[in-house]
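Number of protein chains: 2
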Amino acid sequence: MRGFFIFTLIIELNDMSILTVGTMAFDSIETPYGSVNKVIGGACTYISWAASYWCSEINLVSIIGDDFPEDEIRSLQQRGVSTDGLVRMKGKKSFYWSGKYHNDMNMRDTLVTDLNVLADFNPVLPKSYLHSKYIMLGNLTPSIQLSVLNQLPIKPKLVVLDTMNYWMDTALDELYLVLRKVDVLTINDEEARQLSGERSLLKAAQKIHSFGPRYLIIKKGEHGALLFHNGLMFFAPGLPIAEVIDPTGAGDSFAGGLIGYLARTDDISFNNMKTALIYGSTMASFCVENFSLNKLKNLSQEEIYIRLEQFKDLSSFDENQLGLAN
Amino acid sequence: MRGFFIFTLIIELNDMSILTVGTMAFDSIETPYGSVNKVIGGACTYISWAASYWCSEINLVSIIGDDFPEDEIRSLQQRGVSTDGLVRMKGKKSFYWSGKYHNDMNMRDTLVTDLNVLADFNPVLPKSYLHSKYIMLGNLTPSIQLSVLNQLPIKPKLVVLDTMNYWMDTALDELYLVLRKVDVLTINDEEARQLSGERSLLKAAQKIHSFGPRYLIIKKGEHGALLFHNGLMFFAPGLPIAEVIDPTGAGDSFAGGLIGYLARTDDISFNNMKTALIYGSTMASFCVENFSLNKLKNLSQEEIYIRLEQFKDLSSFDENQLGLAN
Chain S
26 MRGFFIFTLI IELNDMSILT VGTMAFDSIE TPYGSVNKVI GGACTYISWA ASYWCSEINL
86 VSIIGDDFPE DEIRSLQQRG VSTDGLVRMK GKKSFYWSGK YHNDMNMRDT LVTDLNVLAD
146 FNPVLPKSYL HSKYIMLGNL TPSIQLSVLN QLPIKPKLVV LDTMNYWMDT ALDELYLVLR
206 KVDVLTINDE EARQLSGERS LLKAAQKIHS FGPRYLIIKK GEHGALLFHN GLMFFAPGLP
266 IAEVIDPTGA GDSFAGGLIG YLARTDDISF NNMKTALIYG STMASFCVEN FSLNKLKNLS
326 QEEIYIRLEQ FKDLSSFDEN QLGLAN
Chain E
26 MRGFFIFTLI IELNDMSILT VGTMAFDSIE TPYGSVNKVI GGACTYISWA ASYWCSEINL
86 VSIIGDDFPE DEIRSLQQRG VSTDGLVRMK GKKSFYWSGK YHNDMNMRDT LVTDLNVLAD
146 FNPVLPKSYL HSKYIMLGNL TPSIQLSVLN QLPIKPKLVV LDTMNYWMDT ALDELYLVLR
206 KVDVLTINDE EARQLSGERS LLKAAQKIHS FGPRYLIIKK GEHGALLFHN GLMFFAPGLP
266 IAEVIDPTGA GDSFAGGLIG YLARTDDISF NNMKTALIYG STMASFCVEN FSLNKLKNLS
326 QEEIYIRLEQ FKDLSSFDEN QLGLAN
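For the protein sequence lines, the chains are S and E, in the order given.
With this note's numbering applied, the first sequence has no gaps in its numbers, which climb one by one up to 351 at the end.
With this note's numbering applied, the second sequence has no gaps in its numbers, which climb one by one up to 351 at the end.
Possibly wrong hints are sitting among the right ones.
Any copy, or any two copies together, can satisfy a pair, since identical chains are not distinguished.
Unchecked claim - Computed cross-link-like contacts, DMTMM-like style, restricted to lysine to aspartate or glutamate with a CA-CA straight-line distance of at most 25 Å:
#1 K152 <-> E334
#2 K228 <-> E314
#3 K118 <-> E328
#4 K320 <-> D194
#5 K228 <-> D129
#6 K125 <-> E223
#7 K117 <-> D291
#8 K232 <-> E314
#9 K125 <-> E344
#10 K228 <-> E55
#11 K337 <-> D214
#12 K117 <-> D96
#13 K125 <-> E216
#14 K182 <-> D92
#15 K337 <-> D109
#16 K228 <-> E95
#17 K125 <-> E215
#18 K320 <-> D92
Honestly, the hints are just simulated from the structure, not real lab data.
If you're wondering where the values come from, they're calculated on a predicted model, not measured in any experiment.
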């Protein structure tokens with residue numbers, strides 16, 4: 026019986042490998058609650074940590090300088106993250122971002138962006154990564170995102186891409202090229218409007234489907250997230266948090282929770298995608314409760330379960346009362 | 026059996042009278058979809074029309090000039106709205122508001138506010154209104170809202186109050202006085218932060234509960250609405266609409282749908298309040314699909330039912346998948 030259990034577990038693990046590509050960085054952040062200097066950040070870091078609660082085979086692709094702490098790499102490895110695809114460049118510095126949040130926390134100014142090693146980022150996938158089934162492309166130059174997809178010998182089960190208005194402004198043609206190969210696009214509402222040229226999110230979704238992604242997820246920060254799929258819609262609410270200390274990494278934590286849950290269940294139906302948004306929102310809600318990955322690194326199964334229940338309570342109501350007209 | 030049915034129906038009607046106080050106005054509106062000049066508007070008008078789909082005894086309190094079309098009054102009366110509390114001032118003009126919406130429709134500029142008859146508004150409740158059980162105080166000077174409540178000989182079952190940042194800036198003391206007598210407050214997120222002095226909506230809700238209202242509803246426009254009640258929360262999503270033609274009156278239509286449903290079911294529990302938010306959101310979603318009350322006046326039971334189902338689909342997901350941790 027025990028042997029059988031181990032056997033099925035191995036099968037399951039093979040099914041659910043995640044490949045994630047993105048930055049690993051130092052962030053300096055100022056929010057109304059305080060400021061931190063050169064803390065650990067980066068899309069790939071947040072994605073990997075958030076996904077690691079659901080998935081134990083994560084293939085990380087990123088680049089760092091020799092200033093990035095070895096401890097951080099080891100703690101990722103202990104979570105089941107493979108760092109075979111992590112390049113450490115000697116004599117160079119890691120990507121650095123500095124930003125300041127305004128009073129309402131929905132707005133931020135970028136103060137410094139030092140590309141450093143990122144300027145040389147040209148990822149080559151290790152052989153062991155080539156059959157990953159779930160691909161999470163963190164926000165990066167579209168040409169790098171595309172080059173990663175082009176290295177995969179067979180079509181993966183699901184490709185999720187995160188991007189931002191900056192790439193729409195500066196690399197739209199490359200973005201279109203990569204979108205053709207993408208199943209799920211995650212952007213915010215203004216970016217959806219910019220990419221589609223449509224004011225209505227419903228119409229924007231139709232247009233963006235025609236670019237490639239059959240799923241569009243519109244991230245609305247504290248207001249939640251909207252999922253569009255061929256005329257179907259789902260709204261995952263944002264959970265009001267007692268103290269939003271630092272929103273940095275919330276979108277990446279959302280993406281990590283989403284792809285982690287999808288890989289774990291190996292089900293990419295619309296129905297399961299809806300639940301995946303709740304898992305993503307849950308991880309994002311933890312992320313914002315502290316600076317850097319301080320909260321995200323130390324979650325118990327129990328507190329995740331309680332938070333998921335809070336999300337359920339937040340949007341459930343008595344449906345039997347619908348259909349009462351005069 | 027039939028006699029019994031009629032008897033219970035009469036009881037029900039007595040139970041569910043709504044008293045609504047607010048403006049009836051002319052609006053001139055410019056949106057990216059076009060502009061309209063001196064169309065029918067006003068909080069009380071939107072509230073009454075939206076509530077009339079659920080409740081057949083609405084007691085309206087408002088003031089108009091002799092320029093307000095008699096047809097509009099008659100069509101309200103035909104919906105079961107009593108206009109005994111409507112004052113028409115001879116030789117004076119109705120309240121006039123003109124505004125322009127920006128491209129994203131979440132922002133608007135007020136171009137003109139002509140108080141006209143509103144400057145003399147000092148409502149005296151007709152005797153037939155005095156035992157109304159559900160009170161909907163539309164956005165107005167807090168002192169007028171208070172004077173209406175003070176005329177009621179017994180405490181009504183539920184008092185809902187809508188207000189805005191303008192009254193927080195100019196009449197905060199009077200607003201505090203009226204809030205003490207209010208069960209449900211509807212404001213937007215920035216107003217909740219201003220009124221409470223708290224950045225977190227969770228903390229804002231706790232503070233606002235201490236001012237009087239045991240229910241706080243935060244209206245977020247296209248992002249939906251949040252309900253707070255003694256540490257409990259509910260998020261009613263915003264339904265993406267193909268073409269938002271004109272957001273004017275959406276908040277009042279929300280309030281009308283909410284109080285109409287509550288009066289109809291005569292149940293002010295947290296559980297039923299959640300469903301009431303869905304009804305409110307449904308009426309708001311119709312309101313924005315056309316200028317003025319053009320859409321709100323001509324709804325069939327079937328299209329309301331379909332819309333309510335869309336709201337249900339928008340937020341329902343497979344809860345059995347929650348609680349899946351590594």
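Evaluated hints:
no.: 1; hint: K152 <-> E334; verdict: neither (40 Å within a copy, 49 Å between copies)
no.: 2; hint: K228 <-> E314; verdict: between (34 Å within a copy, 15 Å between copies)
no.: 3; hint: K118 <-> E328; verdict: neither (36 Å within a copy, 60 Å between copies)
no.: 4; hint: K320 <-> D194; verdict: neither (34 Å within a copy, 38 Å between copies)
no.: 5; hint: K228 <-> D129; verdict: between (29 Å within a copy, 15 Å between copies)
no.: 6; hint: K125 <-> E223; verdict: between (30 Å within a copy, 20 Å between copies)
no.: 7; hint: K117 <-> D291; verdict: neither (39 Å within a copy, 69 Å between copies)
no.: 8; hint: K232 <-> E314; verdict: between (35 Å within a copy, 21 Å between copies)
no.: 9; hint: K125 <-> E344; verdict: neither (43 Å within a copy, 37 Å between copies)
no.: 10; hint: K228 <-> E55; verdict: between (37 Å within a copy, 22 Å between copies)
no.: 11; hint: K337 <-> D214; verdict: both (24 Å within a copy, 22 Å between copies)
no.: 12; hint: K117 <-> D96; verdict: within (18 Å within a copy, 77 Å between copies)
no.: 13; hint: K125 <-> E216; verdict: both (21 Å within a copy, 24 Å between copies)
no.: 14; hint: K182 <-> D92; verdict: neither (36 Å within a copy, 65 Å between copies)
no.: 15; hint: K337 <-> D109; verdict: neither (38 Å within a copy, 45 Å between copies)
no.: 16; hint: K228 <-> E95; verdict: neither (47 Å within a copy, 40 Å between copies)
no.: 17; hint: K125 <-> E215; verdict: both (20 Å within a copy, 20 Å between copies)
no.: 18; hint: K320 <-> D92; verdict: within (23 Å within a copy, 62 Å between copies)
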